[in-house]
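Trainee: Here is what each chain is made of, one letter per residue.
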Amino acid sequence: GNSVTQMEGPVTLSEEAFLTINCTYTATGYPSLFWYVQYPGEGLQLLLKATKADDKGSNKGFEATYRKETTSFHLEKGSVQVSDSAVYFCALSDAGGTSYGKLTFGQGTILTVHP
Amino acid sequence: SQTIHQWPATLVQPVGSPLSLECTVEGTSNPNLYWYRQAAGRGLQLLFYSVGIGQISSEVPQNLSASRPQDRQFILSSKKLLLSDSGFYLCAWSQQTGTEAFFGQGTRLTVV
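So the protein sequences, as listed, match chains X and U.
If you count the first sequence from 1, position 71 lands on 71 in our numbering, and the numbers rise without skipping.
Position in the second sequence (first residue = 1) + 115 = our numbering.
Just so you know, not all the hints are guaranteed correct.
[What the hints assert, rightly or not] When the alpha-carbon atoms are kept at most 25 Å apart in a straight line, the in silico SDA-like pairs for lysine to any residue are as follows:
1) X/Lys52 x U/Gln170
2) X/Lys56 x U/Ala155
3) X/Lys49 x U/Asn145
4) X/Lys102 x U/Trp122
5) X/Lys102 x U/Gln170
Note that these hints are calculated values from the structure, not bench results.
One chain only, chain X, in its complex shape (with noise of 0.2 Å):
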């Protein structure tokens, strides 16, 4: 079956510093990746997505590039700020017919960052 593994952490940096968080992935056929982002209290927002190997996705910063060939979508910002601060899961979603939208979640990383 499909899974997701990323960086546990709890990750914390300073503002300004660089970010990588890693994600590996396990998937039949050829997946969607998802980055989406947990503010405390709330629910998951879409961060970024691709759809096809080399694709990179990008939003707010943040970027993250679909390797097909280490089975990877590793999620980086060059410059973090204190609103960074949050959940961020890695998600896979299978293209397959009967999947129907399902997603597979990673386990979550806490970003704390600090002024």
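Model the placement of chain U on the given structure of chain X, informed by the hints.
Mentor: Leaving out everything else, chain U in the frame of chain X:
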């Protein structure tokens, strides 16, 4: 634009009491609908999904059930809550042919 509403935001219920959580989607038709649970430890587990009215698929055996009485309405229920049902419940939707899912704000359920 599409929106998803989920309520209530928080709920404290005694063991053995019933449960009903409701979720509605606006601005789209015939969406796929999902209920996820996020227990302590942050991981998300898919509980139920639905691809149409009256069509419910369960992903894990449990004390909960789901129903979809209307195209854009999805309800999570229990006849008798257990302590282990405590958690953060998230409703989500996606397009029939799309890939990403969009989430509601969640319901924090505490069973006491």
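Trainee: Can you name, in rising order, the numbers of the hints this structure does not satisfy?
Mentor: 1 and 2
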